[in-house]
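**Student:** Spelled out from the first residue to the last, the chains are:
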Amino acid sequence: MTGAGPPCFHCGEPIPSGTNIRARLAGREEPVCCHGCKAVAEFIAGAGLDDYYKYRDAAAARADEAYRPDRWSAYDRADLVERLSRPEPNGARSITVLLEGLRCAACSWLADKALHLQSGVLDVSVNPATARARLVWDPARVRLGDLLRVLEHVGLRPHPLAGEPAEQLSILERRTALKRLAVAGFGMMQVMMFAVPLYIGESSGMEADIRELLRLVSMLVSVPVALYAGWPFYVGAWQAIRARGISMDVPVSLGIALAFLASVWNAMRGHGEVYFDSVTMFVFFLSLGRYVEMIARHRAGSVADALARLAPVTARRVRNGSVEDVQAIELAVGDELLVRTGEVFAADGEVIEGDGRVDESMLTGESTAMAKAPGSPVHAGTQNLGAPLRVRVAAVAGDTVLSGIVMLLERAQSQRPRLAKAADRAAAWFLGRILVGAAVVFAIWCFVDPSRAFSATLAVLVVTCPCALSLATPAAIAAATAELARRGVLVAQSDALEALAKATHILWDKTGTLTRGLVRVEEVRPLAGLSEAECLQLAVALERMSEHPIAKAFLASEPGNATASDLAVVPGLGLEGCVAQRRLRIGSPAFAAGLSEAAGAPAWLDGESWVCLGDRSGLLAAFRLTDQLRPEASRCVAELAHLGLQSEIASGDEEAAVARIAERSGITRHTARLRPEQKLARLEALQAAGAVVVAVGDGINDAPLLRGADVAVAMGRGSALAHSSADLILVRDSLDELPDSVRLARRAQRVIKQNLTWSIVYNVAALPLAAFGLVPPWLAAIGMSLSSIAVVLNAMRLSRTPRNTSGRNWTLSRPAEVA
Amino acid sequence: MSIIYVLIPLGLVLVGIGLWAFFWAVGSGQFDDLDSPGWTVLSDDERPPARTDRNAEEEP
Chain A
1 MTGAGPPCFH CGEPIPSGTN IRARLAGREE PVCCHGCKAV AEFIAGAGLD DYYKYRDAAA
61 ARADEAYRPD RWSAYDRADL VERLSRPEPN GARSITVLLE GLRCAACSWL ADKALHLQSG
121 VLDVSVNPAT ARARLVWDPA RVRLGDLLRV LEHVGLRPHP LAGEPAEQLS ILERRTALKR
181 LAVAGFGMMQ VMMFAVPLYI GESSGMEADI RELLRLVSML VSVPVALYAG WPFYVGAWQA
241 IRARGISMDV PVSLGIALAF LASVWNAMRG HGEVYFDSVT MFVFFLSLGR YVEMIARHRA
301 GSVADALARL APVTARRVRN GSVEDVQAIE LAVGDELLVR TGEVFAADGE VIEGDGRVDE
361 SMLTGESTAM AKAPGSPVHA GTQNLGAPLR VRVAAVAGDT VLSGIVMLLE RAQSQRPRLA
421 KAADRAAAWF LGRILVGAAV VFAIWCFVDP SRAFSATLAV LVVTCPCALS LATPAAIAAA
481 TAELARRGVL VAQSDALEAL AKATHILWDK TGTLTRGLVR VEEVRPLAGL SEAECLQLAV
541 ALERMSEHPI AKAFLASEPG NATASDLAVV PGLGLEGCVA QRRLRIGSPA FAAGLSEAAG
601 APAWLDGESW VCLGDRSGLL AAFRLTDQLR PEASRCVAEL AHLGLQSEIA SGDEEAAVAR
661 IAERSGITRH TARLRPEQKL ARLEALQAAG AVVVAVGDGI NDAPLLRGAD VAVAMGRGSA
721 LAHSSADLIL VRDSLDELPD SVRLARRAQR VIKQNLTWSI VYNVAALPLA AFGLVPPWLA
781 AIGMSLSSIA VVLNAMRLSR TPRNTSGRNW TLSRPAEVA
Chain B
1 MSIIYVLIPL GLVLVGIGLW AFFWAVGSGQ FDDLDSPGWT VLSDDERPPA RTDRNAEEEP
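Protein sequence lines correspond, in order, to chains A and B.
To convert, note that position 262 of the first sequence is 262 in the numbering used here; the numbers rise steadily by one, no gaps.
To convert, note that position 38 of the second sequence is 38 in the numbering used here; the numbers rise steadily by one, no gaps.
Honestly, the hints are just simulated from the structure, not real lab data.
Some hints here could point you the wrong way.
[Claimed, not checked] In silico negatives: residues of chain A with every beta carbon more than 10 Å from chain B: (1) R134; (2) K179; (3) Q190; (4) Q239; (5) G270; (6) H670; (7) D740; (8) M796.
[As the list claims (entries may be wrong)] Using C-beta positions, here's what the derived DEER-type ranges look like: (9) I760/A x W20/B: 39 to 49 Å; (10) C446/A x G27/B: 43 to 53 Å; (11) V6/B x V764/A: 47 to 57 Å; (12) V764/A x G27/B: 37 to 47 Å; (13) V6/B x Y199/A: 21 to 31 Å; (14) G27/B x P374/A: 25 to 35 Å.
Think of the CB as a built atom: it goes at the ideal place given N, C-alpha and C, for glycine as much as any other residue.
Bound-form chain A, shown alone:
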């Protein structure tokens, strides 16, 4: 501590003596500690953003003196920006940045406002939980480098999408929190051990020197707990006070510090109460709550990080016949790469030499390796399992399929913390009143009985700590999530549990969801004089690279080795490609016949599930495929109906096939031949009518539907794209868990309500008792802890329920592909 003057207006650090720097703000001057802070404060005020100083509840990071705008000039280069960012409609681009120094909601407000002041910024969404921001800007009007400079100006150092440092930060944070938790836990147990004989000694007598020893040893053990484990609370409280705000940390630190210092004083002078047991218990339970919260926060970002890190940092580029190691970021479209066996592709591209097998499970969910020949596409993040491949790069960095998935995930996460906000607001309201209440109690007791003023005030501070209130919701959600995970349902978005409990409609995709997705070719009808085997070979050649369930049916029937080139997928209709210089289409009859002008599809092809092969001369063959209904489908639909959820099928398939599946699974409403955007429209129509809709799907064509739904459920074997849009993932690839999940979500909602009621009632009831001095601090600490434990135990009931159906075969199919 230097100088007794006011702290720096911007960062809150003490101003070194002899320094006299003042920031000129609108109509007044404020003292700051360095020229960096002066620049930042003047910039913020000059931009009309001084509300930030009113709203923030943590002081800003100290501005770096040696702050150099030049470091962002690389991001003014259009080529680099193009690699890092992704195109958006109307020529705009988007990028995800990690913001270092983002500490509170006011910081994210600041980032948001500061960026919006720049012309050319179209959209900003900042996620304070993961410290990431997604920017959309118009490159014609503003350069990315300028936006990053603005962020640094306001004290939030940006890191354009970099998975590695984020992960590193969270690991460090987690390690420190674990150590603090361990110190608090061990300390609490030890102090309790000494506290019990002390309490017993009070009534039944104890030798004075042993009592003295126990008290001093308790103090010794409490010192690291209060100083080391409690440190984050003091820091948080200090920052809040410096920013003239209030946070949960303020009464907590006040309680810990008062109780600890008073106990140390009493222990040293040898008489008076000691509260070491209350202090350690308080610190431990609070640290535990913080730890659980931190884990949840990290998990939100970890899936995206795991995906982002799938793409390697370096690659081998072939140039003029020699191979060189380059950074993945230096790659450009058209470069030639050498990818050896076991290596991961650094970019999307096309095989130009070599025959190999590639593991694409992270993208498609397909566990068998896909065969790759010259002309086949390969994707960043997938792994070469076969012979070395030479690949021509077709898309790098932000344009790869992999980074598309990451972007989707990030977007989903930044739109989420609805539940958290409400709890925060309630707690802040509560805290202000607690502090005022404690002060009033102290003042009154000073008149009535000064000797009891301290313990009564302490009891008020401790007993009213809204721990139970703030634990009520997260504990229930954590327990429900864990229980669902045990049953093979991964919860990717915890808000979805709330929606699932209120769901009224369920929208099914057909293939791979209600049915097993194991389609078989049942009949081949050649239509143009080819043999059945020839027809199948052509069909297999086209379908070989596809992940659609129909493709598997062909691959299972005919193990030929011809491949098609120039493949294009038309979602909901079929595939088009070239086999031996012959342009072919496979898919619905009308689509397959579409290559020739003359021929149409014969009438008998309607009404059954036919897949047709066609070329320029007309239809070549028709294949009849059958797909099996999942055995549990009708049971699941019936159970859901019993729970009040109306089922409806929205399928891209033929009317007849959909009708048959609908009838057999007991679903009355169905619509067929829907394209992905039509499925979404159907969903939105239901939502507009007030329905809360669950969507179940498995494939890439379901991704828009899943994104629009209130609750998106993806099948465990579905593609990674479906997983990334999903709220729940059925890992066991069975529908049986769905009704159970709905029941569990409803029970979780009930538990949350009980918990909130209980904690409010507890706080309201305990406050007057503590204020009248009827609750000694140790009892207050026990009461506070018990109320938290009651809330947690109530939540734990969610994971202790017997399964209501027994005798199922709980074999593990496959661990989830996501994270």
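With chain A held as given, fit chain B onto it using these hints.
**Tutor:** For chain B alone, coordinates are given in the frame of chain A:
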């Protein structure tokens, strides 16, 4: 009762050793990933596991 003059310091030493061991374990990354090691037992060895293992230092 003078035995507690030995037992209490002994207990504190044991707690100290326990804490030291825990700090060491945290520092060496034993607690960084509590989920995926559970799965690695179940996964087949046919595929090289390095890609899903967060702690593997794979890329240079």
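**Student:** So, for every hint listed, does it hold in this structure?
**Tutor:** Outcome of the hint check:
Once the 10 Å rule is applied to beta carbons, R134/A is consistent with being away from chain B; the minimum gap is 24 Å. Consistency note on K179/A: stated as away from chain B, yet its beta-carbon is not over 10 Å from all of that chain's, at 6 Å minimum. Separation of Q190/A from chain B is inadequate, the least Cβ-Cβ distance of about 6 Å not exceeding the 10 Å criterion. Here Q239/A stays apart from chain B, with its beta-carbon at least about 26 Å from theirs, past the 10 Å limit.
No beta-carbon of chain B is positioned within 10 Å of the beta-carbon of G270/A; the least distance is around 18 Å. The claim that H670/A lies off the interface holds: its Cβ sits roughly 38 Å from the closest Cβ of chain B, which is beyond the 10 Å cut-off. The beta carbon of D740/A is kept farther than 10 Å from every beta carbon of chain B, the shortest such distance being approximately 22 Å. Remark: the non-interface label on M796/A is consistent with the geometry, its nearest Cβ contact in chain B lying 19 Å away (cut-off 10 Å).
The supplied range of 39 to 49 Å is met by I760/A and W20/B, whose beta-carbon atoms lie about 43 Å from each other. C446/A and G27/B have their C-beta atoms about 48 Å apart, which keeps the hinted 43 to 53 Å range intact. Under the hint 47 to 57 Å, the C-beta atoms of V6/B and V764/A, about 49 Å apart, fit the expected range. A hinted range of 37 to 47 Å holds for the C-beta pair V764/A and G27/B, which are about 44 Å apart.
Taking 21 to 31 Å as the suggested C-beta distance range, the pair V6/B and Y199/A conforms, at roughly 23 Å. At roughly 50 Å, the beta-carbon separation of G27/B and P374/A lies outside the given 25 to 35 Å, and the hint is violated.
Hints 2, 3, 14 from the list above are not met by this structure, while the remaining hints are.
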